[in-house]
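*Asks:* Using the hints provided, position chain S relative to the given structure of chain D.
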Amino acid sequence: MPNPFDVVRTDHEITLTVRGSLDINTAANLAEEIDKIIATKMKRIVVDLSQLDLIDSSGVAALVKLYKGVRSTGGGVTMSGARDQPLAIFKLLRMDKVFNL
Amino acid sequence: MAPPIRLTVPGTLRYRGIAVRVVAEAARLVSGSIPQDPNDPLAYDVRDPFDTAVVSAFSEIFNNVVIHAYQRRGGGVIELAITPGARELVIELKDHGTPFDLDGVAALPSELDEASLPEGGMGIHIAKTMLDEMTYEPGPPNLWRLLKRLPVASGGTNTGAQARGRS
Chain D
1 MPNPFDVVRT DHEITLTVRG SLDINTAANL AEEIDKIIAT KMKRIVVDLS QLDLIDSSGV
61 AALVKLYKGV RSTGGGVTMS GARDQPLAIF KLLRMDKVFN L
Chain S
102 MAPPIRLTVP GTLRYRGIAV RVVAEAARLV SGSIPQDPND PLAYDVRDPF DTAVVSAFSE
162 IFNNVVIHAY QRRGGGVIEL AITPGARELV IELKDHGTPF DLDGVAALPS ELDEASLPEG
222 GMGIHIAKTM LDEMTYEPGP PNLWRLLKRL PVASGGTNTG AQARGRS
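As you go down the protein sequences, you meet chains D and S in turn.
Each step along the first sequence adds one to the number in this note's numbering, with nothing skipped, and position 19 is 19.
This note's numbering runs 101 ahead of the 1-based position in the second sequence.
This is chain S alone, in the form it adopts within the complex:
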């Protein structure tokens, strides 16, 4: 297996776009997705379901680190280790800020209607639901580990780049 792709960015929202683009490209290494429009001004492709899940989940956790660990004040870094495998993508985010109380996150209402529409607290729910595995080890350093696997086609075949004979 190739060594992880490592990227260290300041723990502020200013660097969010760089991190998301790197993660999106790593997702495409696994999914084998092709940009729909090479002239698309959006630098990351999020139409493939695998890419969508990875980018959505990562974005929420990056936001969480900036907001909760570094309390929007920066002053620290986020260390990313991104490991694209043949059938899965693992992303680790390490920060040196305030630990996050993951167990204290309230669940979304089981029955959603106009009155119960939430205006916050959705990020962790999005990340957890989009991923196959999400773990958090409070520190410091605090460590998030995100894992997304490619879906297996009905015939048991990997649907990603490996199945298409790509490496």
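Same shape as in the complex, but just chain D:
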């Protein structure tokens, strides 16, 4: 199963693009990448969710881990582009306001 994400690093920021289904079967691979992103201590992380079609609680947990981990090192996470089912899940969990979606 292909990874549902891409990571692009520049000198100033890291952009994580998540696509397809981020669920219990795919979130584990993303969690490994999230550990690497947090370890960079980059101050600016951008998460593009515009290509994400489906998410479950495991996928949400992975993104929460990223958010908390980056914030704990003094960085910031900007999430954008959530739509349809993923946006409904973030709203249901009341995370849309925390993530400014």
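To be clear, the hints were calculated from the coordinates, so they are not data collected in a lab.
Since the structure is predicted, the reported quantities are computational estimates derived from the model, not experimental observations.
Be a bit skeptical, because a hint or two may be false.
[Claimed, not checked] Simulated restraints on C-beta separations:
#1 V253(S) <-> K91(D): 17 to 27 Å
#2 A39(D) <-> M102(S): 47 to 57 Å
#3 Q51(D) <-> E215(S): 22 to 32 Å
#4 K68(D) <-> T230(S): 17 to 27 Å
#5 S72(D) <-> K229(S): 27 to 37 Å
#6 R94(D) <-> D204(S): 17 to 27 Å
All C-beta atoms in this analysis are idealised placements derived from N, C-alpha and C, irrespective of residue type, glycine included.
*Replies:* Coordinates of chain S only, in the frame set by chain D:
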């Protein structure tokens, strides 16, 4: 009413995608939703609010059975009975694993902020909130019963396939 659609899959995450696709198609029988893009590589359509609720809730309960009833080790099956009605969809999941302590699930924080963002325990909350009814009978066999009704339009008209003259 037509007899239920029955599907039995091994109780592992490997078979999750098959089960979710069948449930998504059953949801579309009720909602009458049309795929937005026939070339969409995603095999299930989850843009319609009814489909979104059904697929989201079912996915979480399927995960729960694999993780808690079968403790990720498999060794059992999940028996699905999916009944699409004119205005509602009923899904039953039966497993023969360890009973789940539904009453022991903690509620999410009432006020959510950066510090209280949860990293777990969200699945049952998602399922319960997305559905009109969710019951659990511990066993074994353990039985989850999920029910989602179509919303009624402001004029009192069913918004689903029946309202569009489809059967």
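*Asks:* Hints first: check each against the structure and report whether it holds.
*Replies:* Do the hints match the structure? See the list:
1. V253(S) <-> K91(D): 17 to 27 Å: Holds, at about 22 Å.
2. A39(D) <-> M102(S): 47 to 57 Å: Cβ of A39(D) to Cβ of M102(S): about 56 Å, so the range 47 to 57 Å holds.
3. Q51(D) <-> E215(S): 22 to 32 Å: At roughly 26 Å between Cβ atoms, E215(S) and Q51(D) fall inside 22 to 32 Å, so the hint holds.
4. K68(D) <-> T230(S): 17 to 27 Å: holds, 23 Å
5. S72(D) <-> K229(S): 27 to 37 Å: holds, 31 Å
6. R94(D) <-> D204(S): 17 to 27 Å: Since R94(D) and D204(S) have Cβ atoms about 23 Å apart, the given range 17 to 27 Å holds.
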